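Could you build the full structure based on these sequences and the hints that come with them?
Number of protein chains: 2
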Amino acid sequence: MAGKKDAVRKILDAVKADKRTSLTAPEGKLVCDAYGIPVPKEGLATSAAEAGKLAARIGFPVVMKIVSPDILHKTEAGGVIVGVADAKAAQKAYATILANARKYKAKARIEGIQIQQMITGGTEVIVGAITDGSFGKLVAFGLGGVLVEVLKDVTFRLAPTTKTEARSMLEGIKAAEMLNGVRGGEKVNKAALADVIVKISQLVADFPEISELDLNPIFASKAGAIAADVRIVVDFAPAAPRFRPKEADIVKSMNRIMRPDAVAVIGASAEAGKIGNSVMKNLINGGYKGKIYPIHPKADEILGYKAYKSVKDVEGDIDVAVFAIPAPFVAGALTECGEKKISGAVLIPSGFAETGNVEGQAEIQAIGRKYNIRLMGPNIYGFYYTPKNLCATFCTAYDVKGHAALSSQSGGIGMAIIGFSRSAKMGVSAIVGLGNKSDIDEDDLLCFFEQDDNTHIIAQHCEDLKDGRAFAEVAKRVSKKKPIVVLKAGRTSAGAKAASSHTGALAGNDKIYEDVFNQSGVIRARSLRQMLEFARGVPVLPTPAGENVLIITGAGGSGVLLSDACVDNGLKLMSMPADLDAAFRKFIPPFGAAGNPVDITGGEPPITYVNTVKLGLTDERIHALILGYWHTIVTPPMVFARNMVEVKKEMEAKGFVKPMVASLAGDVEVEEAAEYLYQNGIPAYAYSTEFPVEVLGAKYKWARGAGLL
Amino acid sequence: MAGKKDAVRKILDAVKADKRTSLTAPEGKLVCDAYGIPVPKEGLATSAAEAGKLAARIGFPVVMKIVSPDILHKTEAGGVIVGVADAKAAQKAYATILANARKYKAKARIEGIQIQQMITGGTEVIVGAITDGSFGKLVAFGLGGVLVEVLKDVTFRLAPTTKTEARSMLEGIKAAEMLNGVRGGEKVNKAALADVIVKISQLVADFPEISELDLNPIFASKAGAIAADVRIVVDFAPAAPRFRPKEADIVKSMNRIMRPDAVAVIGASAEAGKIGNSVMKNLINGGYKGKIYPIHPKADEILGYKAYKSVKDVEGDIDVAVFAIPAPFVAGALTECGEKKISGAVLIPSGFAETGNVEGQAEIQAIGRKYNIRLMGPNIYGFYYTPKNLCATFCTAYDVKGHAALSSQSGGIGMAIIGFSRSAKMGVSAIVGLGNKSDIDEDDLLCFFEQDDNTHIIAQHCEDLKDGRAFAEVAKRVSKKKPIVVLKAGRTSAGAKAASSHTGALAGNDKIYEDVFNQSGVIRARSLRQMLEFARGVPVLPTPAGENVLIITGAGGSGVLLSDACVDNGLKLMSMPADLDAAFRKFIPPFGAAGNPVDITGGEPPITYVNTVKLGLTDERIHALILGYWHTIVTPPMVFARNMVEVKKEMEAKGFVKPMVASLAGDVEVEEAAEYLYQNGIPAYAYSTEFPVEVLGAKYKWARGAGLL
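So the protein lines, in turn, are chains A and B.
Quick note on numbering: the first sequence equals residues 7 to 715 in my numbering.
Quick note on numbering: the second sequence equals residues 7 to 715 in my numbering.
Heads up, a few of these hints could be off.
Which copy is meant is left open, because identical chains are indistinguishable; a pair holds if it fits in one copy or across any two.
Derived SDA-like pairs: lysine to any residue, alpha-carbon spacing no greater than 20 angstroms straight-line [said to hold, decoys possible]:
#, residue 1, residue 2
1, LYS228, VAL152
2, LYS158, GLY190
3, LYS592, THR361
4, LYS22, ARG237
5, LYS280, GLU610
6, LYS158, LYS180
7, LYS592, GLY362
8, LYS407, ASN554
9, LYS16, LYS205
10, LYS16, GLU369
11, LYS578, GLY496
12, LYS47, LYS660
13, LYS431, GLU678
14, LYS193, VAL156
15, LYS196, VAL156
Because the hints were derived from the structure by calculation, they are not lab data.
As the structure is a computational prediction, the values presented were derived from the model and not from experiment.
This is the structure in structure tokens:
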């Protein structure tokens, strides 16, 4: 193992000494050799005669390519001739390439001409690696060729990657079927291809200075995978990684911040309308039971609490300080917090990086690091942690306790979270504003919520991830225990920067987020409302025991739309066994349809819903139910709702616990029925066939990612 | 013109006489020749010697193919040799092919071997045609090759197609960029390619017996497009088209049905809970001003109205009869309606085709045709037409008048329409149940609503289109005047039937709907809720004068999500001219961001929203506004809402009329504000950045399709 690293280190040292930014083709081949990546037979010829002999030894046809540290785009320089068929042609090609190269760049240093075994046949694919500002080293896979480039059909994983992940990349492109051999094409050796991906991902992980890498094309066939061309770009002065405390320290600090025994309010005020007044009121009226220390330069008492000039004047320990003072005063007060050994600062004030005051933000970051104070914000609304009745924010108080922890990068989105939560009676454990993320970011929150028993689901809105790699690493672990939903805004921005490599050019920024989220078991929300609905609905549902979903519907029309939604959301409509079909038929009219959906037809009384749903809950081959209700006089909305909740409870008591969602079609009374169902553990929506299925789909996505299915 | 048709007719007659189902390659070439579709030079050789001579005359390399009416899959039979390089090779190939063919099928009739100019280079594409059960003749276009097959990247249009539509097909595939020349590839001659599409579409329109056709591959290059292989499948006994009255007759009947002066209720009842009782009550309580005739075998009077034993006993004219009797009695009563010259029958009863009673349905269809009665249903809830206060249904009455006409194939979806409409205070002109569509279907409704001044938008839920071609033809015309929204359920069903042709195999049923809807200017809703939201929001918005959309937001976070939604919905975020940027900057804080979105920042008073929105409405380079509101104490939700409505009205009075939508982030009070905005012409949504943009996107989609942009 050391041997291969030494070999590569030696090559990179030489490149560095030469002050070059890329490797020559022979150097690239040596790197591949060191890591066991198959490449064509080849050699370097320095004369036409030698070219002829070498080519004959390798076997015809061969490809001939200029080797020059000064010529990066070999084809453009006329430095490549393919399909050289015999020794005489090889000699001639040598002369031609040399002449072209001279013409292209007269002063180019030419080391010779590479003679390479020409590989044809098989499927052309590309494996590459790039360095992303947030995620670090990523390995990429796609099919080769122009059409794939047009369709941007590439997939990414964090490097290094496992064999299993590499195999998932082969299935992760739209044109995956091509690798199985289509229309007489040959099925490629997927193990060999995955092996190349794993090795490349290890290589770039071992050598951070390899900033970009292309194996393009790789000829993949039944026999194996051979990289016909290798391109490696290096950067010996990479950006410093973002500071990240040890996880134990993160958890310790975050616990003091989120579950404090004592809170200081810096800039507390008795004057209504001031932020420092709102924060005080929210702490008090929210019912927080810990100590509250208002900090104010002059006041002796604020809203009945003894006030202090500085946190340093407080006798007892303080866990967290909420800042409600203008930006220019933050640094001074923060230093005092440091001296007082306060664990966290909730920086409500704006006026930092978001207004161009980058220096001001750097200053407080430095203070935070010096004194080991974790900073939330600046430029935030603060946070809520309901198990402690803690409203450390200037917004309205929030008190519906529950198990969803939400965060937002933006204050506006935070307000939408609060409004929706209140309106939908969504129980939350925490709502956190992250703002400028000068320090505390999404992965810090994940670490806290992971060990917070009050939190069962984590939903995060973000516009970027300052440290995507840290996020992914933590998310991968946490998502095994609790669902993580992320709304990544800025999806469609022109995020893909121009990059010098082929792989880089193919990398849409959003595609990287998409793939890394998938790799980390994160459920991606497509919209704000979807994030909110997932946060509300996913923890309500029990985890399904299997993939078989059954639709039971009074409205045939809803059944069709619910089926569409199942396909859209990756749910598997179980195919109905004959005995089960017969069992359902006993309960429904002769012109109803069993199968899946089970169409009980519209005119049925409540008992038909009850009987079929009972059967759906008890038969062990069925793992989840989707109900389609049709408002009729025979079965009014609230009658349906109460019956369903009863059946659910009765069956649960008998040990039959399955996720169940409902779509209600009817007049306005269905809104009340949907609300009742939801509050009783059956996520239900009026006038929508897609929302309930999306929520069930999110639950399934999580369960699969967590290895529970 | 007649000449080309005669030539093809002659060939088809011969095929028919032979009782064949496909044309030979030479026949296919003759068909192409007749319609001016370029094919390679070729000829038929019946001996090895002739093969050599012919090949030399055509020019090498050539392709050689077996010609036999008994061998359809030539490659499989070893009947094709490509790249034949000289006369000697041609002679040898002749013998080889002949031997292979004999081995493959000893008794195959062999007419000779086709020698064809071998076309290489350029981009391989495919043009084809299929016959769809609902849409009839469709022409298809896609790239050639295996990868495209895997990705199912094909597009369809109704045949015959225009040159403009054919050009739109070239842009309508995902890999469209390939035709422009990628990575040194050659830009293809699009005019030549479009010409082939138009000609093929004309050919299949001229000859309905051509059921499937493939030109695969066509080599498209700068020089032109040459079809290297032609395959034509015929069916001389096509299915009879669905009956369709003349449009003038449709409109006349539909007007009598939807706006009747006299309604009979067959099966009217005084007994509460009966359907015939509900219908009577709805007619009466709904406020219908026309004549109401209850029909009942015994009663003299029902709910204060004189009752009759039969419609034939009524003295005055009757326009429409609502049926509230069991299925077995429908045929008899319908015959009496016919004798009474009633224009339409609203067939509420179920128990027809949907329960397997296909004969019963055929019987009433026949009666309808005999007496020229148009049938709505059976198996429906009836219909509402609010301008006449007409509730011809057993459901609850609906009275919020307005301009959206909705229909549904399914009763459950109809109930969801009613509930949503009432809940959202959506004004409707009509809600119609179509059920089994034994007669009246979506295009009949389109014809009526087209000329109904009370209707400004038409939204239809359907599971299939019984006559997709009629629908498309009518929709194409009507959508120029009024937006048509369609929710096509069964999107994801395995609708693509196995077909014997390549084009057929590529045709996913849903892709055809998608393309035909686009071709017809129909806005396709992706979900039930989306159809409802479009029906509600699109008519509220004025038509934009251009493509420039501007976002003005108090919440930067909403701005990013709104931008995402714009891209998702095909909206163009205008790039901000310097002078306009400066003008906006005057109104916003120095750390706010002009550009697009205009981020006025969260802490601003109402006047900042007012000033920026005023500017947005007055500057003529801006064509539509998306507002992002952030709930703060400084600008509470209802203050924002009232201000926006005032600004809108003030600017409208000055002639500045632009579509404007809003996304509201905040605590629960934003729900009231959203409602107020919506009721005053600004579609607005709480806790959602995507819904308002989707509605604006739908308006734009319609305006583009109608040629207004």
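Against the structure, the hints come out as follows:
1. LYS228 x VAL152: Between copies, since 18 angstroms is at most 20 angstroms while 23 angstroms is not.
2. LYS158 x GLY190: between (25 angstroms within a copy, 18 angstroms between copies)
3. LYS592 x THR361: Answer is between; shortest inter-copy Cα gap is 16 angstroms, intra-copy 68 angstroms.
4. LYS22 x ARG237: within (16 angstroms within a copy, 61 angstroms between copies)
5. LYS280 x GLU610: Only across copies: LYS280 and GLU610 sit 15 angstroms apart there, 60 angstroms inside one copy, limit 20 angstroms.
6. LYS158 x LYS180: Both: 10 angstroms inside a copy, 11 angstroms across copies.
7. LYS592 x GLY362: between (70 angstroms within a copy, 18 angstroms between copies)
8. LYS407 x ASN554: This pair counts as neither: shortest intra-copy Cα distance 33 angstroms, inter-copy 44 angstroms.
9. LYS16 x LYS205: Answer is within; shortest intra-copy Cα gap is 18 angstroms, inter-copy 65 angstroms.
10. LYS16 x GLU369: neither (41 angstroms within a copy, 89 angstroms between copies)
11. LYS578 x GLY496: Answer is between: at 15 angstroms across copies they meet the 20 angstroms cutoff, but 31 angstroms inside does not.
12. LYS47 x LYS660: Intra 68 angstroms, inter 78 angstroms, cutoff 20 angstroms: neither.
13. LYS431 x GLU678: both (13 angstroms within a copy, 17 angstroms between copies)
14. LYS193 x VAL156: Answer is between; shortest inter-copy Cα gap is 14 angstroms, intra-copy 24 angstroms.
15. LYS196 x VAL156: between (24 angstroms within a copy, 18 angstroms between copies)
In this structure, the hints that do not hold are numbers 8, 10 and 12, in rising order.
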